[in-house]
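Undergrad: For reference, the chains in residue letters:
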Amino acid sequence: MSTAPRLTALDALHRSLGATMTDFAGWDMPLRYGSERDEHNAVRTRAGLFDLSHMGEITVTGPQAVELLDHALVGNISTVGNGRARYTMICQEDGGILDDLIVYRLGETEYMVVANASNAQIVLDALVARAEGFDAEVRDDRDAYALLAVQGPESPGILKSITDADLDGLKYYAGLPGTVAGVPALIARTGYTGEDGFELFLKPEHAEGVWKALTEAGEGVGLIPCGLSCRDTLRLEAGMPLYGHELTTALTPFDAGLGRVVKFEKTTNEGRFVGREALEKAAERAETAPPRKLVGLVAEGRRVPRAGFQVVKDGEVIGEVTSGAPSPTLGKPIAMAYVDAAHAAPGTEGVGVDIRGTHEPYEVVALPFYKRQK
Amino acid sequence: MSNPQQLRYTKEHEWLSDAVDGVSTVGITEFAANALGDVVYAQLPAVGDTVTAGETCGELESTKSVSDLYSPVTGEVVAANEDVVNDPSLVNTAPFEGGWLFKVRVTGEPEELLTADEYTAFSAG
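Residue numbers (the working numbering), protein chains in the order written: chain C, 1 to 374; chain D, 375 to 499.
If you are wondering where the hints come from, they were derived from the structure by calculation, not from laboratory data. Possibly wrong hints are sitting among the right ones.
Partial list, computed: chain C residues near chain D (C-beta under 8 Å) [what the hints assert, rightly or not]:
1. 32
2. 304
3. 325
Model, not experiment: these values are computed from the prediction. Just so it is clear, CB atoms sit at the ideal spot from N, CA and C, and this is done for glycine as well.
So that you can see chain C by itself, here it is in the shape it has in the complex (with noise of 0.2 Å):
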């Protein structure tokens, strides 16, 4: 199959950064501008700049946009208050996870949805068939927004510098409509880093303009351009899920250890949603007898385990890696897998993992790996 791939507002820029582009779910996206641990370590200890247009954004209004949110997702969407932001999921009625979202509440009776660029037309049909018999109206507005971010400990003097939006009242998983450099933003408190800063919802058309006043602002404290590797390193060490890894419609929240987004006590459509049923049997499972559980491994060497990569112990396979790097803080590789739950506790004695062949030996930790010093 050849379709040419989607291209972000910011394609020509990034090209004349001398990006190396790589395809991502049908997008041509930066992978890297440079080192990609630079870029790592740029967020970690200052501040990176990220094109995420690829992400998918989808707004739910109406009258009843929240009973379709409640009954739709797995989260309590009721309780999001107006201008405030809820990581949640959409499942299958299996119980099988569709897609991690973000929830932002934009008004009254406005939300915005962000999917995963891979799953954003998943996410756009089911919200739409789950709409039926709600005064609700799905609208697709991947088109609509051009999404920067900023990130790292240095992200909020950056911002700071170019709008008039009060950062300081902002919390963490918070959003407010501001101008930034000029012109409108939906500026949100969010990121996939592990570290504070901010995600810009804006017009394609404005796009460049704010990706410029950002790098002027950002100059004289080290924020650079930062690809999609770093991030996939960031949000790893952060120990955060990426879809299609940690997260697939093989698995409930509850396998990933995920079951707290799950929100059995709605009010809403008289408690009613979608995957309901298995979910309350997910959960039991859960608690009584997990098959596999979500851990984090350190390398004692320095080969990297790689998604799909098998865990052993004694020669028996015990589970499977569904992501893992180098990483650039700790200074060694790093993986997150599922392991049988007999071995999955921090401290397990002789786990491994298989790399080509060897078993290279590997401590079972608790994740995060990384936390940042608040």
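Assemble chain D onto chain C, guided by the hints.
TA: For chain D alone, kept in the frame of chain C given last:
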């Protein structure tokens, strides 16, 4: 980027220096280093190992992937670059110089090694 004229190249993106006293130096090209991204781990052949032209003799691991290292020639390994083992980023910063990988006493050489110009055209293609 420019590929030094005095080296010869393989389609697996290794370079080979002309032999001095029968010993040639092997590394990967700047093109390959850029394609890999930050190299974080280098497993090199050990001194005394016999390597065979076109066969794997080690691996280079980067953030995103692992790549086999192929020997451009047949012979006995007489040195492995410990600096690269200790600091694999040398492969990225100086692929044709300090980032060399191993030295080999050449006993056999394939005919299809490329000149710098041929390799430049190949890697651009």
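Undergrad: Look at each hint and say if it fits the structure.
TA: Hint check results:
| no. | hint | verdict |
| --- | --- | --- |
| 1 | 32 | holds (6 Å) |
| 2 | 304 | holds (5 Å) |
| 3 | 325 | holds (6 Å) |
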